[in-house]
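Quick note, the sequences are listed as chains A and B, same order. Numbering-wise, the working numbering puts 153 at position 128 of the first sequence, and it's gapless, one number per residue. Numbering-wise, the working numbering puts 346 at position 321 of the second sequence, and it's gapless, one number per residue.
Calculated from the structure, these hints are not laboratory results. Given the structure is predicted, the values throughout are model-derived calculations rather than measurements. Careful, some of the hints might be misleading.
[Said to hold, decoys possible] Computed footprint of chain B on chain A; a stretch qualifies when at least three of its residues, placed anywhere within it, have a C-beta under 8 Å from a C-beta of chain B:
#, segment
1, 55-63
2, 301-312
3, 322-331
[What the hints assert, rightly or not] One side only, chain B facing chain A, incomplete, derived with CB under 8 Å:
#, residue
4, 96
5, 307
6, 323
7, 331
8, 332
9, 334
Ideal Cβ placement from N, Cα and C applies to all residues, glycine included.
One letter stands for each residue in the lines below.
Number of protein chains: 2
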Amino acid sequence: MSARTGLLETPHGAIETPVFMPVGTKATVKAMTPEEVERLGARIILANTFHLLLRPGDEIIRGLGGLHRFMNWPRPILTDSGGFQVFSLAKLRKLTEEGVEFRSPLDGSAVFLSPENAMRIQENLGADIIMCFDECTPWPADFGQAMESAELTARWAARCKAAHQRADQSLFGIVQGGVHPQPREWSARATTDIGFDGYAIGGLSVGEPKYDMIAMLSVMDRELPRTQPRYLMGVGTPVDFVIGVENGIDMFDCVLPTRTARTARLYTNEGLLNMRNAEHAANPAPPSSSCECYVCRNYSRAYLRHLYMANEILAPRLGTWHNLHFFLSLMENIRSAIRDNTLSGLKQRVMMVYGQKEFAGDQRD
Amino acid sequence: MSARTGLLETPHGAIETPVFMPVGTKATVKAMTPEEVERLGARIILANTFHLLLRPGDEIIRGLGGLHRFMNWPRPILTDSGGFQVFSLAKLRKLTEEGVEFRSPLDGSAVFLSPENAMRIQENLGADIIMCFDECTPWPADFGQAMESAELTARWAARCKAAHQRADQSLFGIVQGGVHPQPREWSARATTDIGFDGYAIGGLSVGEPKYDMIAMLSVMDRELPRTQPRYLMGVGTPVDFVIGVENGIDMFDCVLPTRTARTARLYTNEGLLNMRNAEHAANPAPPSSSCECYVCRNYSRAYLRHLYMANEILAPRLGTWHNLHFFLSLMENIRSAIRDNTLSGLKQRVMMVYGQKEFAGDQRD
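So that you can see chain A by itself, here it is in the shape it has in the complex (with noise of 0.2 Å):
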């Protein structure tokens, strides 16, 4: 049993892990001011280089002072390298050793991504936490692929190390190699012989079985060093926090809470609701009666189903709010789990609830 608790500690305050960072991809975690972010429990928040870079820019956000004071968030934050955006939005792009090249989705001008660069933009954005520029492994992938993945990774952390400057910033390292051992194991190795502030995991998530993920997570608990912080890049489900957490995560992000709010779907202990049902149209009972949330001491699902009905900003705005305090609620009751050896009944609960669905593949529905 991998599972620990931690307190990591930036140059905007101490983070109490395992932590959830809402994500806040183009500098705002979407509906949500940076208090009400706040008041939720958040601690660190993510937000997106690659999306930065396009609009407004790296520069202007330097000029500005830097990511918190640009967006009025004084705790934590972590960039990405944007290496997963550029592999998965950008069309046109063109591959090399040095790096790559695409088309902007905004304008259509080139836009250049390298190791050195993406360190060169993430300290103009000025984050606590930054990524080292990776290849994210699609899947599928083969063997043969999945290895070269890995190398070319590894290779491009060398060069971001070598790249770093700011030492207020910490750089972690990404391990590649999609869902095969070997490659991950070796992806482990070459990054943390390289040497990181952290370690994080990449290429999950993206479409494989949820059981290869769970594999691949044991590799992994099992060949990042246990000193260093370890963090599951844009994970997850309910179910994938408990299990993640007993393979020795330590930090998660994912858009899942923010974006389903904004289809009218909406977490509870009781399971995952529609919220443009019918069956809400004249209930007076709040999203779920087991939540002290702002949402459910205050509205009714039938008020919130009209909200969604008639497409008015206060539907995600209460439904961000409330999806936001399931997901850092179960976070911090996934904490006190472990601290009091708990973690197996709190996940049988969560299983019961979310497991059938999400093995079914279907939880972003």
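Fit chain B to the supplied structure of chain A, relying on the hints for placement.
Frame of chain A; chain B shown alone:
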């Protein structure tokens, strides 16, 4: 000089007048929580009978305890009667002495509104102040049309008063008659002869030149009793506020601050800003350095522009916050100025900034 301050008592609290009522068309002031609307200083809001009748339906709202509880707003509410929207939004309407039949813009079903069921619907919604069902005189309308519209509105007003049952709800009459003095005078006398708790001026700010509106306001000031509240419906701009107050108006409502915020227009003491303009791209200054609202204390023009360009939900949130602060503060300043006998100075400052633009008729661009 008819400007006056007052206190309007309602079952949900007293309201200092002159007052600006933010518009919560579909039981939400767009982009805002009720707590935020209250924190900004709003003490009464308006909700629209037409929209709530069509969705979610007045019976649903009644079943959930009425509009206050449905939308979590514990302070006073005023509902319009649906008349304005029937005549401006609904196609395929059929007007008879009995009422108006129209097709729902949502699903095409047949809906009938009359004085009697406008009363019943507003009783189901449960606002503190409800409005007579009127025919909004269109602009332009010739003398004969304006007189006919005023006469029909008066006959309907008598039916509204006869049908009105809930003693805890105040009922206001509406004066129509276009921009012709005689129909306006006739309408004011006919409406006050029936006798209501307050009197509204309808059919202005519907496209007519501003000097026509000003002329009608002075006619109304002469004709309406000073003993009861006067409400200028659907108005207005900063300039309209000072002109209205000078003519004895006590209550205003308008979508202007909330609607313009969604298209990136911010009102400031220095003029109207378009936050999408490129000039703001790297500007660290707040929208207004003379403004002490939450937005101006915490965010740069550069960040706001970024949010608007990226179509982030936080953009209309912050814009609405700022604009409502501007409108509600302006009305607070107007109340102080009336008490201190300094309204002419305040009017001059508003005219210097907004007069030219508004008299050119492009304040809603």
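Evaluated hints:
1. Under the rule that three or more residues need a Cβ within less than 8 Å of chain B, the assignment of the segment 55-63 of chain A holds, with 4 such residues.
2. Beta-carbon proximity to chain B at under 8 Å applies to 3 residues in the segment 301-312 of chain A; the threshold of 3 is reached and the given coverage holds.
3. Against chain B, the segment 322-331 of chain A contributes 7 residues with a C-beta closer than 8 Å to a partner C-beta. That satisfies the three-residue criterion, and the hint holds.
4. About 7 Å separates the beta-carbon of residue 96 (chain B) from the nearest beta-carbon of chain A, less than 8 Å, and the hint is met.
5. Hint on residue 307 (chain B) holds. Least Cβ distance to chain A is approximately 5 Å, under the 8 Å limit.
6. Residue-level restraint check for residue 323 (chain B) holds (minimum Cβ-Cβ distance to chain A is 5 Å; threshold 8 Å).
7. For residue 331 (chain B), the suggested interface contact is upheld, since its CB lies about 5 Å from the closest CB of chain A, less than 8 Å.
8. Taken as an interface hint, residue 332 (chain B) checks out: its beta carbon lies about 6 Å from the nearest beta carbon of chain A, inside 8 Å.
9. A hinted interface residue such as residue 334 (chain B) counts as satisfied when its beta carbon comes closer than 8 Å to some beta carbon of chain A; here the least separation is about 6 Å, so the hint holds.
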